[in-house]
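Asks: Here are the chains, one letter per residue:
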Amino acid sequence: MNELNQQTTVDSKILSVKNLKVYFPVEGSKKSAHKYVKAVDGVDFFINEGEILGLVGESGSGKSTIAYTIMGMNKPKEGSILFKGEDILKNNNKRSISFKKDVQIVFQDPGSSLNPFQDIRQILKLPLKVHKIVPKDQLDEAVAKALDRVELPRNFSYKTSTSIGGGEKQLVSIARALCSEPKFIILDEPTSSLDVSIQAKIINMLLKLHDEQKLTYLFITHDLSLMRNISTRVAIMYLGKICEVAPTKIFYTSPMHPYTQMLLSSIPVISKEEEELKPKKVVSVGEIPSPVDIPTGCSFHTRCNRKIDICSQKDPFMREIEPGHFVRCHLA
Amino acid sequence: MTKAQLKEDLRLYWYKFSRNKLSVVGLCIVLLSILCAIFAEIITPYPQHAKEFVDFNQASLAPCRAFICGTDIFGRDIFTRLIFSCRGALSMTVVVLSISVPIGVFLGLIAGYYHGTWADTIIMRTADVFLSLPSLMLAMAIAAVLKPGMRSSMIAVTAMWWPWYTRQVYGMASSLRNEYFVKNAELIGASRLHILFREILPNCLSSVFTKMALDVGWVILIGASLSFVGLGEQPPTPAFGQMISEGARYMPDLWWMTVFPALAIAFIILGFNFFGDGIRDMLERGR
Amino acid sequence: MNEHLLDIRNLKTWYRTYQGYAQVVDGVNLTIDAGKKIGIVGESGCGKTTTMKSVLRVLDERKAYLPEGEILFKNQNILKMRETELQQIRRKNISMISQEPSAALNPVFTVGQQIFDVISYSKQDDTAKNKKELTDIAIKAIRDVFIPDPERILECYPHQLSGGMKQRICIAMALVTPRELLIADEPGTALDVTIQDQIHRLLRALVDEKQTALIMITHSLGVVRELVDQIYVMYAGNIVEVATTNELFKNPLHPYTRGLMDCVPRLSGGGISAGIYGYVPDYVHPTPGCRFSPRCPYVKEICRVQKPLMLEVSEGHTVACFRYTDSFTEQHRQEESIGERA
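Protein chains in written order, with the UniProt record's numbering: chain E, 1 to 332; chain R, 1 to 287; chain G, 1 to 342.
These aren't lab readings, by the way, just hints derived from the structure by calculation.
Treat each hint with caution, since some may be false.
Stated by the list, open to error - Restraint ranges, calculated between C-beta atoms of paired labels, are given here: (1) R:Leu22 / G:Glu100: 28 to 38 Å; (2) E:Lys75 / G:Pro107: 57 to 67 Å; (3) G:Leu311 / R:Phe209: 38 to 48 Å; (4) R:Ser191 / E:Asp148: 27 to 37 Å; (5) R:Val25 / G:Asn130: 49 to 59 Å; (6) G:His159 / R:Gly116: 21 to 31 Å.
Just so you know, even glycine gets a beta-carbon here, dropped at the ideal spot from N, CA and C.
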């Protein structure tokens, strides 16, 4: 596992997560039973500066928990998170004000991430005021600039969030995240509740901002076809563990983990050339088991079509099968 | 642009309010009773009858042209006294709600946001204690300990009223604290005060206003009950409950002494309840 | 008169709002024959669900208003039926699967009880009373949707099942007694992609096996491509293009269909198009012309004032767009192609 982190020099890594475990106690279980939802169960990954890392998984795989833990909304059981080389978990899991400025998150639900009783101006002013980005008398100007950045008309500042559409709400959320001039943004399924024509707009905006503002993204999604078009590397999660990490191109042309293959073969596509990319003979079966009772051995063995005896007994290690391509599977 | 939008908003509010015709009836009753309370001296035929006044020549008269609701045993015009009672009842409501609502909302906000901490426990258990006592009993106990009168009945009703708001706001705040916009404000690094009063509070206000509008009737009723048992406004100043209890002694011969105050209470409470329903429809999301 | 199983003619469904009527469905024509599979594709708020709710007449009666149109089910107009006749249709002929399986199942009854109700409503004869027979039918239905251990599932409450399981139960309920038409409203949208894939395969297999006609409502072009034979593309209350699946993906004609296809992220990469310019129009004061005209890159004067009619461009491929009418001359098209290249 150490090689994973030694791949690149320390300087280029903006965030590295080592052996992260986040467990939640099961409500109602007896104290003696010690039952836990193992939402994140030993995750290692890193993000280089300027990268877009796609974190993909089904619901319940723990991908959002990782995001929330980085932001400090959950307390991890074990592991470390380094941001710009600094351990952010020390100091009782409290994040410093500079971390709060450098790292922003955009949530999935555009409806609930904006306060319905504030107008856009008030929403955008908050990060500007808290982080003292501009002097007080220039706040209005800064709000207008923030709207310009996401190409929303300036008269939006007097609208309330209830009177604008879902795509526009998400643009406002992005504008708010950018207000504090962050380095790193976590995007937690920012377009999954939007229509494709609006998704296209948002994604293009995000890519444009990524280049302009020299940002790094951790992009969480369940949509593999979307990830193909935007990320530089993709990581697949299953039941709190990362199964496969690879640079985007390799990931889609030669997926190794059976779960990745199953996911890819399940995607409804709209053209012949895409059809050819889908792994044949992998038929999706079964459902993701409950994270309370994780199967022994490799957690995917209950749904795997190539499982052998060892799979149900021993949890495989992450192995590098070609530069930058890591797979957690006995067969790889 | 903003002015046009304001106009548009007002139109939408009025549309939502007036969709139910009863709300409009309620609004009329509410406006009428407020006007009566403010201009009581002007509209009543015998304003002096609301004070110490005795004229046995015109005592116990049935409703007639000079006294449309009749007179009581001291010869005082019942209509005049009803209008002045209305003033008392409404001013009591204003005082009670303007004290108990801010207290209740503030405590509920704190308890809800700090859900699961000691602040939550202390505030909510205290509120539970108040809520577990029968409300009228509590008010009577408080009013009885203090010197009977308008002020002590106001204190009594206020004391029993705040926990309802605490409970309501507590429920809302403890779910709102998990909303993404609150999380986001926390993650940005906003202060506690900002989160409590700028993010969470505005989202609770519409339901608080609705409850206030619906509560007016109840406060009037509780106030009337207190004065019925003699713990409210003291004679000679008139109050609904006190007038009913006085009239009850002369039932059924002097029926007008009881029936008209009772009708007045029913009328006002009904009006405020219709009005409250309208406010609720108006502040509801969606069209 | 005609052979169609369901024939929707010029259906208009409006909703009352405070600004006036929102013309959510604006003259939809749709036909489906027995045993066929069609798909309705459109973005959220385009009226696809409202159209199907009109078919089963499950709209909120205080808000909905249907000024025009006919819905003929086996030549009977559903919109003119009495409540009792309609109940018979709902019980015996048409069933519907909704997007949210947890909302479709009643949390206080076991799965078994809910399936029994469906069976006994649809049968209304002696089978309805025989517990043993009911159980047999229900178990067979659950087995049909590939859920192991059906006896145990019958005793379960909905909250004990996962989302995918619940949707399977909904499908089982919809097809437990023979139906002529199944309306599936985004049955996989709320589920994960591997589960969605399973549900769709299951649905297709069952519909083929039982010879049920299927109307699939979805926002995903990929889903209809894999499931149905004929596709209706819907935009802002209008059907804008109808074609067989192969034809539509080979040769999309309507500018909206093209725009939509460009927006779908491809598994093969190649970036994402810029999206469709503009927003879904106001339904209360819609433009008199083509409802897509404010967003259309090829818009001409006539598009803004006149509504395009459905025009058959080739066998089984119709499109509502002036670009394909005769009056829209060859010259125009050449201008466009020059513009496109530039």
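Asks: Next step is simple, just say for each hint if it's right about the structure.
Replies: Consistency of the hints with the structure:
1. R:Leu22 / G:Glu100: 28 to 38 Å: 35 Å, holds
2. E:Lys75 / G:Pro107: 57 to 67 Å: Between lysine 75 (chain E) and proline 107 (chain G), where Cβ atoms are some 33 Å apart, the hint is violated.
3. G:Leu311 / R:Phe209: 38 to 48 Å: Distance hint for leucine 311 (chain G), phenylalanine 209 (chain R) is violated at roughly 55 Å.
4. R:Ser191 / E:Asp148: 27 to 37 Å: 28 Å, holds
5. R:Val25 / G:Asn130: 49 to 59 Å: Holds - the Cβ-Cβ distance for valine 25 (chain R) and asparagine 130 (chain G), about 56 Å, lies within 49 to 59 Å.
6. G:His159 / R:Gly116: 21 to 31 Å: Once the Cβ atoms are compared, 25 Å apart, the range 21 to 31 Å for glycine 116 (chain R) and histidine 159 (chain G) holds.
Hint compliance for this structure: hints 2 and 3 are broken, all remaining hints hold.
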